[in-house]
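Engineer: Next come the chains, spelled out residue by residue.
Protein chains: 2
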Amino acid sequence: MTLLIVGTIGLDTIETPFGKKPDILGGSVIYAGTSASFFAKSALVGVAGEDFPKEHLEFLKSKDIDTSGIQILPGQTFRWSGYYEYDMNQAHTRDTRLNLYTSFDPKVPDHLKKAEYVFLANLDPDLQLKVLDQLESPKFVAMDTMNFWIENKRDKLIEVIKRADLVLMNDGEIRQFMETPNIPQAARKLRQLGAKAVIVKKGEHGALLFNDGEHFAAPSYPQEELKDPTGAGDTFAGGLMGYLAKTRDVTEANIRQAIVVGSVMASFNVEDFSLERMRRLTQKEIHDRFAEFKNFSEFSALAK
Amino acid sequence: MTLLIVGTIGLDTIETPFGKKPDILGGSVIYAGTSASFFAKSALVGVAGEDFPKEHLEFLKSKDIDTSGIQILPGQTFRWSGYYEYDMNQAHTRDTRLNLYTSFDPKVPDHLKKAEYVFLANLDPDLQLKVLDQLESPKFVAMDTMNFWIENKRDKLIEVIKRADLVLMNDGEIRQFMETPNIPQAARKLRQLGAKAVIVKKGEHGALLFNDGEHFAAPSYPQEELKDPTGAGDTFAGGLMGYLAKTRDVTEANIRQAIVVGSVMASFNVEDFSLERMRRLTQKEIHDRFAEFKNFSEFSALAK
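Here the protein sequences line up with chains V and A, keeping their order.
Under this note's numbering, the residues of the first sequence are numbered 1452 to 1755, in order.
Under this note's numbering, the residues of the second sequence are numbered 1452 to 1755, in order.
Heads up, a few of these hints could be off.
The list cannot tell twin chains apart, which means a pair is met if one copy fits it or any two copies do.
To be verified - Computed list of lysine-lysine pairs in DSS-like fashion (alpha-carbon distance at most 25 Å, straight line):
1) K1678 / K1653
2) K1697 / K1755
3) K1640 / K1678
4) K1745 / K1653
If you are wondering where the hints come from, they were derived from the structure by calculation, not from laboratory data.
Nothing here was measured: the structure is a model prediction, and the numbers come from that model.
Can you build the whole structure from these sequences, using the hints too?
Structural biologist: Printed below as a string of structure tokens:
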């Protein structure tokens, strides 16, 4: 089953305590799409400029990713420049240049309009809606966002949230959006606003799922090889949605597994810059790390 | 099996967004001992002044707690005054008066010198050692500390750590102590320094265990009724150690269960000020919440 993903295609300049890398492959749709490709066919919608290196498109094709929804237009590719300090918990933006994304008009190719599994990665909510409107019968739509849209396009954002089946936000975003420091309360408020299931991404502290009367806490990986956290959230979402698209099962139990799959993928991605770790990642490594996650979250029931 | 606990007996003045309470019962040995009493006989070592209300001692006795190691001396009881802001993640100290703890000479009563399970709650490492030296054959010793001792008594603290079987610290403390923002790296360094097992308490993000080649991530409770976080860490440790003393089993599997028991106890304690929630807590509530913890951390293995 194909997973349709819309988001940014970017060239990032990133500095972490482990080095500085100029103009490396990045963007939400790239991270999510690559991660998803380990489980399902992923199809990307986005825009890049004529300056976008052809080798990056070749890389996507090598992962059997459908790039027919990627527009290559005259102009400059989206660029983000940022750095992480010693603790690497937060990205600090030096510069964001939307470039071609300022006038981006997403077009879903005809053969993808029947897509059932959809991930609307962080993007202007108006563009997320434009993509949704082109789809015939989406079965399971997940969406992500960021503080900029929470502050500047709140109403449109809520419209997307109401049409999605799963809302992904990081802990800082949901606290800001729902105006409470208490994450479970924030998730409750977001669900009252119309969100169905809510996943809160907490970086080094794992992820939480708030669903109908259900709660799931996925552990984080005890990551000692953290080199570059860029793209962790999109890699998480891509793995999660790729797994759901592969298994075609959106029961609570399967969403739980999918969250751990997403956590596994993100735990690998942060071990190197850009998509470098994804390039050499194997299915065996994914299975082995999933088993580790399972092992370190297990405990026995209490005796009566 | 008796659990011996040494720590502070205090009268706290606490302000949270839910109210201000002057001179309420507190202190590490009180929180830990009360929590442990739900599982094992707990015996407390500490000091209080003649101003310490008799009703508090009556409360401890009502929990079948051995108070023979509590010295009541002329002078003032330890006092801590602090407040929590809106997000309640961090305690802000207004005033600490050690009072009788400045000259505290802990005495373990003869009948408790054979204690096998011991919790050295946060206290001057010299006093923690003084207690250890009075014990005949401790089988399992856990210890806690705080930033003040990390900064001012590093060498003595390391001596306690080396003699303990389990070191408890919160995330901020272990990062500061081991001079790295990466928790798994910090835990590794602490173990290289001589700690056997290490538990990192992360408050709203749960707790982590680092043991010989093993890692366990306990989920946190999706707590919406947070009224006063004071004593959460000691309540956690008391539940954990009380459960180990009750079961007399310090295998990895049982320590995992004990960590969840501790998490359950802490999740109740923060629902009200001081020990109020502990006063009305039932065994059934503990069992039910443990089952909730189990439910929201479960997921299935990946298919081959």
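Engineer: Each hint needs a verdict: does it hold in this structure or not?
Structural biologist: Evaluated hints:
Taking the closest pair of Cα atoms, K1678 and K1653 come within 25 Å of each other both inside a single copy (18 Å) and across two copies (23 Å). Taking the closest pair of Cα atoms, K1697 and K1755 come within 25 Å of each other only across two copies (14 Å); inside a single copy the shortest separation is 40 Å, beyond that limit. In this assembly of identical chains, K1640 and K1678 lie within 25 Å of each other by CA distance solely across copies; the values are 19 Å between and 35 Å within a copy. Taking the closest pair of Cα atoms, K1745 and K1653 come within 25 Å of each other both inside a single copy (18 Å) and across two copies (20 Å).
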